[in-house]
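Protein chains: 2
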Amino acid sequence: MRLQNSDLPALRADIRAGRYRSHTAGLGAGYLQTNLVILPEAYALDFMRFCQRNPKPCPLVGVSDTGDPMMRTLGHDIDIRTDVPAYNVYRDGSLEGSVTDISDLWTDDMVAFALGCSFTFEDALARAGIAVWHVEHDTTVPMFRSNIQTVASGPFSGRMVVSMRAIPEDRVDDAAAISRRFPLAHGAPVHAGDPSELGISDITRPDWGDPAPVGPGTVPVFWACGVTPQVALEAAAPRLCITHKPGHMLITDIPDTAEVPVLAPTPGNQ
Amino acid sequence: MRLQNSDLPALRADIRAGRYRSHTAGLGAGYLQTNLVILPEAYALDFMRFCQRNPKPCPLVGVSDTGDPMMRTLGHDIDIRTDVPAYNVYRDGSLEGSVTDISDLWTDDMVAFALGCSFTFEDALARAGIAVWHVEHDTTVPMFRSNIQTVASGPFSGRMVVSMRAIPEDRVDDAAAISRRFPLAHGAPVHAGDPSELGISDITRPDWGDPAPVGPGTVPVFWACGVTPQVALEAAAPRLCITHKPGHMLITDIPDTAEVPVLAPTPGNQ
Numbered sequence: 000m001r002l003q004n005s006d007l008p009a010l011r012a013d014i015r016a017g018r019y020r021s022h023t024a025g026l027g028a029g030y031l032q033t034n035l036v037i038l039p040e041a042y043a044l045d046f047m048r049f050c051q052r053n054p055k056p057c058p059l060v061g062v063s064d065t066g067d068p069m070m071r072t073l074g075h076d077i078d079i080r081t082d083v084p085a086y087n088v089y090r091d092g093s094l095e096g097s098v099t100d101i102s103d104l105w106t107d108d109m110v111a112f113a114l115g116c117s118f119t120f121e122d123a124l125a126r127a128g129i130a131v132w133h134v135e136h137d138t139t140v141p142m143f144r145s146n147i148q149t150v151a152s153g154p155f156s157g158r159m160v161v162s163m164r165a166i167p168e169d170r171v172d173d174a175a176a177i178s179r180r181f182p183l184a185h186g187a188p189v190h191a192g193d194p195s196e197l198g199i200s201d202i203t204r205p206d207w208g209d210p211a212p213v214g215p216g217t218v219p220v221f222w223a224c225g226v227t228p229q230v231a232l233e234a235a236a237p238r239l240c241i242t243h244k245p246g247h248m249l250i251t252d253i254p255d256t257a258e259v260p261v262l263a264p265t266p267g268n269q
Numbered sequence: 000m001r002l003q004n005s006d007l008p009a010l011r012a013d014i015r016a017g018r019y020r021s022h023t024a025g026l027g028a029g030y031l032q033t034n035l036v037i038l039p040e041a042y043a044l045d046f047m048r049f050c051q052r053n054p055k056p057c058p059l060v061g062v063s064d065t066g067d068p069m070m071r072t073l074g075h076d077i078d079i080r081t082d083v084p085a086y087n088v089y090r091d092g093s094l095e096g097s098v099t100d101i102s103d104l105w106t107d108d109m110v111a112f113a114l115g116c117s118f119t120f121e122d123a124l125a126r127a128g129i130a131v132w133h134v135e136h137d138t139t140v141p142m143f144r145s146n147i148q149t150v151a152s153g154p155f156s157g158r159m160v161v162s163m164r165a166i167p168e169d170r171v172d173d174a175a176a177i178s179r180r181f182p183l184a185h186g187a188p189v190h191a192g193d194p195s196e197l198g199i200s201d202i203t204r205p206d207w208g209d210p211a212p213v214g215p216g217t218v219p220v221f222w223a224c225g226v227t228p229q230v231a232l233e234a235a236a237p238r239l240c241i242t243h244k245p246g247h248m249l250i251t252d253i254p255d256t257a258e259v260p261v262l263a264p265t266p267g268n269q
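Chains A and B, in that order, are what the protein sequence lines are.
Under numbering that gives the first Met the number 0, the residue at position 203 of the first sequence is numbered 202, and the numbers go up by one with no gaps.
Under numbering that gives the first Met the number 0, the residue at position 209 of the second sequence is numbered 208, and the numbers go up by one with no gaps.
Okay, chain A solo, but in the shape it has when bound:
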């Protein structure tokens, strides 16, 4: 059920018009989906440095010009004010609410950041025959606050959030090798095995998402998680910040096999 490129404009039109407001899991197979962070320009350089210094939890795949809502490197017609199914709005670091359109909040000093997400490598694991429990059971991946410190930048800091997938013992090395091929989707795991080494005392009680069992013959494997920047944003507490609503991602025009997340420049007499 891989999405055809020809379906993308219709889906994006539905999202833009507010007709589609649900999560995007499974919709973007074959195309890069991304997390979203929108900040005033005064925070942009520090946040971009935070992403550069923490590329596993925060893989930058696109950045708008200041005040320009079009994500020009990620698609032919992506308006970040309308083309995500649902947004979370934060003021002074606290969640104010969720909306499906941010046209009234976008101002000339805003910068939009798109960050890679785990859907990309989960698709690749599935294609390699490595089943992931939360995908098969249509729940949200369990996420935990780890004891790994991120590298701070200006007001952005905090511990890395990790997601957990229980992988059959004999496929752990495969899962690591496969996910390492997707540096823009968190890359290789940060840890496999004993959760206590990451400071996680109870694997059955995630800090975010739904619990998932670690069955017999499986190993808990932990990946850097895209919730990490939200923790860093709470620490920075900018006056206004807008993110996607978890699970409600930006779907780009970039194939998930692309070497770089940029609409291909073409040779020619330009």
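Hint data in this document are derived by calculation from the structure and do not stem from the laboratory.
Careful, some of the hints might be misleading.
Per the computed footprint, the stretches of chain A lying under chain B, defined by three or more beta-carbons under 8 Å from a beta-carbon of chain B, are [unchecked claim]: (1) 13–25; (2) 94–102.
Facing chain B, a subset of chain A residues (Cβ under 8 Å, in silico) [stated by the list, open to error]: (3) Gln-51; (4) Val-259; (5) Val-261.
Beta carbons: idealized from backbone N, C-alpha and C, even for Gly.
Chain A is already provided as a structure; the job is to place chain B on it using the hints.
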């Protein structure tokens, strides 16, 4: 002749003291070497977006805090004012001269950017038995202004500069696969074959570097080149800009096999 980590502090001390002022080719085998761009903060966000949008010519591997000369994510004690063997100083887009220490030019509003360089994948090609002419003959790789437009950001724009290596016909696919594994060192080639497709009319007359023959049974293969940001910097013409002197790279403490170019964060009760 791979450099041992224990040799790095001594080499860096020689560079810092001005005793070593020569090029760094061959010195950094095993460790990531980088290009360098230093700019006033007013240009930093636009330049960082330029690098994000053009990751093949401009792979960002480290960015300093504004005014902080220590490259904290790239090494344990790297002072960017002294730890590169030679620097080029540009004023208003024009080369003013070369120096071996920029302590007197560094100010509180400066930001230093480290960009990956081709030494990393050339080492990998050599280990795979793919000989590269300019390395074997101790000349500078031939570089050409191509007809590929970079993706502009603010004042930064221009055509992509490409480097050329003649690769035996039966190893072109291997060379592409090997270099693709190093996204922080320009990644896969941008073109293999007829130079005219890149707008290059005479392969024997490079725009930068030394000519290199394209012998019988070899194919000219073109990679995105770290001279590209210098062309973009000439277009932007900031009042002051400092780069490394070509070939005189920053040697980091990051192994060139590292998944991400950041000193590894360690789990623990920090």
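*asked:* Hint compliance check: list the failing hint numbers for this structure, sorted ascending.
replied: Result: hints 1 and 2 break, sorted rising.
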